[in-house]
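Enquirer: As given, the protein sequences belong to chains A and B, one line each in that order. 1 is the number of the first residue of the first sequence in this note's numbering; add one for each residue after it. 195 is the number of the first residue of the second sequence in this note's numbering; add one for each residue after it.
If you are wondering where the hints come from, they were derived from the structure by calculation, not from laboratory data. Please note that a few of the clues may not be correct.
As the list claims (entries may be wrong) - One-sided and incomplete, this derived list gives chain B residues near chain A with beta-carbon spacing under 10 Å: (1) Arg-216; (2) Ala-223; (3) Ala-241; (4) Glu-242; (5) Arg-245; (6) Val-246; (7) Leu-249; (8) Leu-257; (9) Pro-260; (10) His-262; (11) Leu-267; (12) Ser-272; (13) Met-275; (14) Ala-300; (15) Ala-304.
For glycine and all other residues, C-beta sits at the position ideal for the given N, C-alpha and C.
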Amino acid sequence: MRDALQLVHAEPVLEAVTGVAVDEFVRAYQAGVYRLAFSILEDADEAEDAAQEALVAAVGKLDGFRGESSLRTWMYAIALNVCRRHLQKRRSGQRLIDVLQSWLHLRGESSPRPEEATLALEAQSDVAQAVRTLDEKHRLPVILRYYHDLPVAEIAQMLGISEGTVHSRLFTARERLRVRLEPMLGSHHRGDHE
Amino acid sequence: MSSRDALTCAAARALIQAELDRPLRTAEAAELRQHLGGCEGCRGYRAELIRVQTLLQEAGHALAHPPHAAPDLAPRVSRRMRRHQPGRMLFSLAQATAQVGGLALAALLAFNIRISTPQPDTPVPTTTPVVAAPAAADSLWTPTPVEMRVPAVEFEDDPMMRREALGAVYDETGATAMRSLPGALLPD
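Here chain A stands alone, though its shape is the one from the complex:
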C-alpha cells in the first residue's frame, strides 16, 4: 500500500479532504486506531466515536505533521489524547452518578456495565481487571506495550515522555501486577527478598 502521508501531502489538504486520499489515509489507520481506542475504553460505541474523532483531528492537522515521528506514532498519539478525554468525561460522569447515588441512597445497587459482562474471558478478564486497577499513568504504557506490542521508544513518543520514564512506569506497573496476579502465577518461588 502506498504511504498514506505521501497521498495526502501530494495535494493541498482541503482538496484532499474531499478526495480519495483521505479515504485511503483513514482506511490505512482506522483499524489500528479503533483497536487502540477499544483496548483503552473497552466499549465498542465509545471506541468508534473516539476513533472517528481522532481520524478527523488527524486529517485536519496533517499539514502540521513535521515527520518528527512515524505517521503511525503521530496518529496513535492523537488517538491517545482523544481516549484520555473520553476517560476524563467518563470519570466526571461517574462522579456525578456517585453523588446522585449518595443523595438517593442507591449506593451499591449499580449493575455492571454490559460491555464488561460480554468480556467474560475468565482468566483473561482477571488480568484485564488487574490492569484496570492501575492508574492511567501506569495503565497506558502497559496497554501500548502488551496489548499493542509497541516498543518503548514509540510509547515514549506517543505519550510525550522519555524512554526512561516509560521503563520506570512499566517497572512499577509490572511489580503491582505481579503482586495482584500472584494466585495466577503458579508455584514459582516468591522472589521478594533481597
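With the hints as your guide, set chain B onto chain A.
Expert: Relative to chain A, chain B alone:
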C-alpha cells in the same frame, strides 16, 4: 548471591525488568546470568515476571483484537471534513442562528399561550375571582389574580350578556374585568 557475584538482588531485578523491554548488553547479560545461577529468589522473580508478561499479552490480544470488525469510518470522516470547510462553516453558523431564533420564538409563543389560556382543571371558587387589569388590553398582559370576595351575580338569561360573559368583560371604567369561568356565573 554468591561471594563472587557483582550484582545485588536489586540490581539483578532491575536488569530482569529491563530485559523485558530491551535486549541486554553482553556484559549485563553475563552478570545477570551469573547472579541467577546462585540466587533462587531472583530466578523465581524472573519466572513470575515472564508469566505476568505472558498473561498480559494473552489478555491484551483479546482486548486489542475485538471479535467484531473495526467499522469503516472513511465515509463519516470525509463527511465531517467537508462540513468543516469554511463555506460550510458559515452556512452552519447561519443555520444554527436560525434554529436558535426559531426555538426562542417558539418558547415565547408557548409561554404566552400558557399564561393566557384558562386552565380547564382550575377548581371553581365559591366566590368570583376578579383580576386586576391594566389600562389597555394587551396580549402580553400577565394577569395577577387577586382574591376579592364579591357576591355572586344573578344573571337573567340575556343572549347579549351571555355572549359578552364568555370573553373577558370590561366594565365601563375599564378598571376591572371579570374573567368568565364556564358555568361559574351563568345559569344554563
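Enquirer: Next step is simple, just say for each hint if it's right about the structure.
Expert: So, going through the hints one by one against the coordinates:
A distance limit of 10 Å between C-beta atoms decides the matter here; for Arg-216(B) the minimum to chain A is near 7 Å, and the interface restraint holds. Nearest Cβ of chain A to the Cβ of Ala-223(B): about 17 Å, over the 10 Å cut. The hint is violated. Against a cut-off of 10 Å between C-beta atoms, the interface hint on Ala-241(B) holds, since the closest Cβ of chain A lies about 4 Å away. At a threshold of 10 Å, the smallest CB-CB gap from Glu-242(B) to chain A is about 5 Å, leaving the interface hint in force.
The interface hint given for Arg-245(B) holds, since its Cβ lies 5 Å from the closest Cβ of chain A, which is under the 10 Å cut-off. Taking 10 Å as the C-beta cut-off, the interface hint given for Val-246(B) holds, the closest approach to chain A being about 5 Å. Because the beta carbon of Leu-249(B) sits about 5 Å from the nearest beta carbon in chain A, less than 10 Å, this interface hint is met. Because the smallest distance between the Cβ of Leu-257(B) and any Cβ of chain A comes to about 4 Å, under 10 Å, the interface hint for this residue holds.
A cut of 10 Å between beta carbons decides the hint on Pro-260(B): the least distance to chain A is about 5 Å, and the hint holds. Below 10 Å, beta-carbon pairs count as interface contacts, and His-262(B) has one with chain A at about 7 Å; its hint therefore holds. The restraint placing Leu-267(B) at the interface with chain A holds, with a minimum CB-CB distance near 5 Å, inside the 10 Å limit. Interface hint at Ser-272(B): satisfied, since its Cβ lies 6 Å from the closest Cβ of chain A, which is below the 10 Å cut-off.
Look at Met-275(B): its Cβ gets to within about 4 Å of chain A, closer than 10 Å, so that hint holds up. The criterion of a C-beta within 10 Å of any C-beta in chain A is not met by Ala-300(B), whose closest approach is roughly 30 Å, and the hint is violated. Among the interface hints, the one on Ala-304(B) is violated; its C-beta lies about 30 Å from the nearest C-beta in chain A, farther than the 10 Å criterion.
Violated hints, listed in ascending order, are 2, 14, 15; each of the other numbered hints is respected by the structure.
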